[in-house]
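Chains as they are written, first to last, in the working numbering: chain A, 4 to 317; chain B, 23 to 377.
Derived from the structure by calculation, the hints contain no laboratory data.
Hints are not guaranteed to be accurate.
As the list claims (entries may be wrong) - Listed next, the stretches of chain B that the computed footprint assigns to chain A, with coverage defined by at least 3 CB atoms under 8 Å from CB atoms of chain A:
id	segment
1	91-103
2	161-170
3	182-193
Please read these numbers as outputs of a predicted model, since none were measured by experiment.
Ideal placement from N, C-alpha and C gives every residue a C-beta, glycine not left out.
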Amino acid sequence: MAETIFHLLDIGFFAALLRIATPLLLATMGELIAERSGVLNLGIEGTMLLGAMTGFTAAYFTGNLWLGVVAALATGALIGLLMALLTVVLGVSQHVSGIGTTLLTTGLAFFLYRMIFGQPAVPPNVVAFAPLPLPVLSSIPILGPIVFNQTAITYLALLSVPLTWFILHRTRWGLNLRTVGENPRAADTAGVSVWSMRIQALVISGALMGLGGSYLTIAQFNAFTFGVISGRGWVCIALVVFGQWLPWRCAGGVLLFAMIEALQLRLQANNTLNIPYEVFLMLPFVMTILAMALVSRNAHAPASLLIPFRKEER
Amino acid sequence: MIHLRLERRETTPAWLQIALPILAVLAALILCSFLVSLAGAPVLDAYSELFLSTFQTPYDVQDTLVKASPLLWTGLAVAVAFRAKFWNIGAEGQLMAGAMAAGYIGERTFLPGITLVPLMILGAAAAGALWALIPALLKVKLKVDDVVTTLLFNSIMLYGVMALLEGPWKDPKTGYPNSPVIETAAQFPILAGDTLHLGVPISLIAAIFIWWLMDRTTTGFSIKAVGANPRAAAYAGFSVNRVLVTAALVSGALAGLAGAGEVGGVRYQVTSDLSSGYGYAGIVIATLADLNPLGVIPAALFFAMIMNGADAMSRDTGVPVYLANVIQGVALLTMVAGRLFAVYRLRITRQVSHG
């Protein structure tokens with residue numbers, strides 16, 4: 004058994020791991036930024052799906068993958084703005100707004116796709132992003148083919164982690180954002196606009212989620228299917244808790260999840276026991292809950308998560 | 023200068039309580055009419071098809087009532103859980119758990135035929151409750167976030183059902199990934215027409231029972247108290263954890279019963295596409311009903327009409343059937359936004375500018 008598992012861990016395995024991690028890294032960083040500002044963004048699942056759909060559609064009709072990326076970013080940012088209208092400006096329940104946003108955007112993705120493409124026998128597809136081997140770096144043994152022979156979006160996803168860390172923990176803007184999530188009253192007194200920070204956080208959060216979704220339809224695969232996200236967004240919510248609202252830890256959680264996912268794909272392919280493949284699909288979700296159960300007791304969510312801010316109310 | 027200010031109301035007028043969901047739904051329909059015209063159909067034609075097609079003939083009425091039944095169950099499930107602020111987003115998975123229990127019991131040949139239907143109902147309630155119990159225990163014992171666990175439990179349940187249906191539970195007769203058909207004695211009796219099964223009136227009675235439970239018993243009072251203010255409830259002597267677990271069990275059982283109705287009264291077997299998003303629709307329905315069990319009845323009927331009517335609308339006008347999903351999402355958002363006006367009133371004040 005140990006030998007078979009070892010046998011599975013080749014360069015292809017780790018390259019696949021990074022491909023699986025890409026949309027999760029982007030969406031998890033997005034969720035992290037929103038939650039750090041004090042807003043739980045449960046719109047994540049639908050934002051990823053609609054981003055996947057608009058990104059694909061734009062790339063399909065323009066023939067330009069980067070326009071697909073732009074469309075997905077814009078879609079996500081718009082959905083973030085909707086979340087901000089509901090949870091920040093109107094200050095209504097973040098749980099219900101998020102679920103409503105996911106229901107709305109999921110329905111919209113299905114509706115628009117059917118309206119634009121109908122029900123073709125063969126789903127329309129694009130020529131997806133090709134791997135972009137980075138000069139010099141990609142010739143490093145082992146590491147090169149794993150990390151530096153990926154598509155452009157994967158590089159962006161890998162960059163998003165140090166960037167999120169730097170912005171949140173090393174800039175004035177990040178400090179303000181975290182203060183708004185911990186103690187909005189204090190931030191307000193210090194002259195920081197709580198609403199403005201939260202709106203910005205949600206727009207960035209949505210854009211990252213949309214981009215993450217589009218990776219699946221224009222880079223990892225080349226077509227849109229209704230089940231393309233299938234719970235990935237919810238997993239990101241769990242990964243933020245698992246990562247204790249810290250960028251590097253969240254990224255660690257993503258890589259761990261991606262490893263389990265990559266492993267289950269390999270096991271599916273080498274399925275000698277004839278176990279239905281759905282058992283393997285279930286595995287990462289079970290592991291995620293176990294992981295959350297392990298860390299949750301010590302989890303410290305941002306103190307003002309879920310609490311709307313109204314300046315006139317004390 | 024004119025200032026707009028939100029001011030907290032002392033009480034919410036009764037007319038507003040009733041008008042709000044109606045206005046929210048109307049707003050949702052108006053917003054979604056843009057999509058209808060985008061799809062190239064005349065809005066009024068599409069909407070009249072959407073609604074009229076659901077009660078034109080006695081068949082349509084039956085179908086609408088049968089569709090409303092699972093929505094009633096999941097709406098009640100969410101209403102109970104959300105009252106306690108147990109964020110059960112997992113009605114979808116609990117429904118499937120109930121469906122599996124009902125399907126399994128329904129094909130046991132050694133059980134006397136007469137016991138099958140009651141055992142299926144009990145089994146489904148127990149299975150749904152159990153599937154909600156795990157996230158509830160994780161929440162009270164280990165402080166694991168209930169939103170995340172109930173959501174992930176939906177995926178686990180769905181893949182679990184699919185694995186069983188692909189593997190050991192595959193229908194041996196057809197070879198399709200469906201469970202074997204249940205015994206004839208296990209099929210819920212048809213009460214009227216060809217489709218109106220026993221589960222439909224039971225779900226209606228359940229709504230009244232849950233209203234009584236929430237409004238007239240200590241259990242209901244404790245659930246509301248814990249939801250409103252856990253600290254005060256604990257101070258008043260309620261065990262917050264126990265109340266949360268109770269709410270989760272009741273909620274899960276109600277969602278599980280939706281599964282019993284679908285297997286026993288509609289499909290007669292377990293399929294992985296048994297629920298067309300009933301669990302998530304339950305959240306919309308409970309919110310429109312303002313978590314009032316009796317309000318769940320008209321809300322469930324309304325969404326049953328939308329879900330059934332969307333098929334007819336799509337056939338006749340070519341507007342994609344997914345309009346029903348969009349309307350659900352928009353109605354949920356217009357309702358939560360509209361509820362602000364039940365709590366706050368908009369005040370226009372004139373301020374004399376100084377200087």
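Evaluated hints:
1. 91-103: Not satisfied, violated; 0 residues make the cut.
2. 161-170: Since 6 is at least three, the answer is holds.
3. 182-193: Since three or more residues must qualify, the claim that chain A covers the segment 182-193 of chain B holds, with 6 doing so at under 8 Å.
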